[in-house]
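Respectively, the protein sequence lines represent chains F and B. 175 is the number that the working numbering gives to position 175 of the first sequence; each next residue is one higher, with no gaps. 408 is the number that the working numbering gives to position 35 of the second sequence; each next residue is one higher, with no gaps.
FYI, nobody ran anything at the bench for these hints, they're computed from the structure. Don't take every hint at face value.
Some chain F residues judged to face chain B by a derived CB distance under 8 Å, without partners named [claimed, not checked]:
1) Glu66
2) Ala74
3) Arg112
4) Val119
5) Asp122
6) Arg351
7) Leu354
8) Leu357
Where is the CB? At the ideal position from N, CA and C, for every residue including glycine.
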Amino acid sequence: VSHSAEQLDSLMAAIVRGDSTRAVDLAACGIERVRRAASEHGVLPLLAERLRGAAPVAADLVGALEADLRHGIASDLRREVDLRQTLAACHRRGLDVLVLKGAALAYTHYPRSDLRPRVDTDLLIPEDRRSDAHETLTALGFRRPEQVTGQLVMSQAMYEKRRDGVVLHAIDLHWRIANPQLFSGVLTFEELDRRAVPIPALGPSARGLAGPDALVLACVHRVAHHRDDDSLIWLYDIHLVASALTEEEWRTFRALAAERGVLTICRQGLARAAARFRTVIPPDVVEGHEAETARTDEGTAAFLRRGRPQLNTLISDLGALRSWTARGRLLREHLFPPASYMRGAYAPSSRAPLAALYAWRAARGAWRWLRRG
Amino acid sequence: MSLSFASSRVLVPDRVVTRAAQGVTILLNADTGGYFMLDDTGARAWEALTSSASIQEAYERLLSAYDVAPDVLRRDLEDLLQSLEAQGLAEVCRA
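For reference, chain F alone in the conformation it holds in the complex (with noise of 0.2 Å):
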């Protein structure tokens, strides 16, 4: 039996939302095609755990899947571990921190964290709070990678912590919740942390999304970060949390989308759910939502165009910036970051002039930002 990509991600999705009727069919397209697809798409714990039942029609699948998922808990469970004791000592210092997507859905909306997989932790501080921070994590152990810095080109800041070469637990500090301008203050920290909610399961002090603003910003991330990737791992996200809210959440929701500019977003990131997990949405939110897009031109849903250069993401960038001077700004950082990051990044154990750096990187940077995504 031959399965296209486009039916093997059909297949999964039916079985992450319990349909294991179709493991049979899963099973035919093959162990390691299965892995690679499930492991691409984030859900390669959640079908382990859904084809645990079916066994005996895919007992070879569930063997490799479930080993897969041992190593999974074995690092999830590590980086629990990291992430309370990161949490109490931000905690500790005075510094409010939120915890952002995969890391805080793990213990907020998944049966267990392990079932949903992610590389990084995505915490959001105070803007002004950044050196707190970098010192809180500093004392911990984190390490910052080489990375391409400014106020404007970045809202966030990799941390890593390592052990004998390998990552144990990477942090993803934001003190804005994306890096295109136009979806950097949609949300802001202030507002989050005034409804934020408690995530019991990282320690007294951890906290995270209070259940609409979790949709608005699942909804914007796959979008904003992720050009309108259809992995299932983003659609289950918002599957879960949409399934969670209230009547009044839901109200709160549309109210929210419709003001921050991301009504397009949301509805699509909805539609995408539904399709995959039979989402249940509250018919006056969807028919909602047409008549008020119809109404506003939401520059946000220009990134839902497939297929669109890099480059348009910076015009929308500039557009979205108030004075030349900032504009200037952003277009500084982009072409010339940092000299630790050009040589570290570049040529670690090369004397070439910075000059030839910066611009061999620009020559290759133009093709990349000219290419369709």
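Dock chain B against the given chain F, drawing on the hints supplied.
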């Protein structure tokens, strides 16, 4: 050197965190990040070792629960404890 089961017991250091899921029990050393994975039988041995007043008591509990030769069980427990001690996941307290 053979371990005296009767005069020894197992202590779990504070740095050890455990989680049971998907048919395995994970023992994590939170200080080093190293972990050990136990299957169902190993998990029962861990439970017996960490809840008994002595290793001998755990050994006898396991002997009555499993169809296993006494010397095989003794060797298996010694091997398990050696591995756990080496990873800082258990301390064998000798009287």
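Closer than 8 Å between Cβ atoms is the bar; does alanine 74/F clear it against chain B? Give me holds or violated.
Holds, about 5 Å.
Please check whether leucine 357/F passes as an interface residue: C-beta within 8 Å of a C-beta belonging to chain B.
violated (35 Å)
Can the hint on valine 119/F be confirmed by a CB-to-CB distance to chain B that is less than 8 Å?
violated (16 Å)
Holds or violated: the hint that arginine 112/F contacts chain B, with Cβ atoms closer than 8 Å.
Constraint on arginine 112/F satisfied, holds at 6 Å.
Any CB of chain B closer than 8 Å to the CB of glutamate 66/F?
This hint holds: glutamate 66/F lies near chain B, its Cβ roughly 6 Å from the closest one there, short of 8 Å.
Interface restraint verdict for leucine 354/F against chain B (beta-carbon cut-off 8 Å):
Violated, about 37 Å.
Let's test the interface hint: is any C-beta of chain B closer than 8 Å to that of arginine 351/F?
Violated - the Cβ of arginine 351/F stays beyond 8 Å from chain B, reaching only about 37 Å at its closest.
Would the hint on aspartate 122/F be counted as holding, given a Cβ-Cβ threshold of 8 Å to chain B?
violated (21 Å)
Checked against the numbered hints above, the structure breaks hints 4, 5, 6, 7 and 8 and satisfies the rest.
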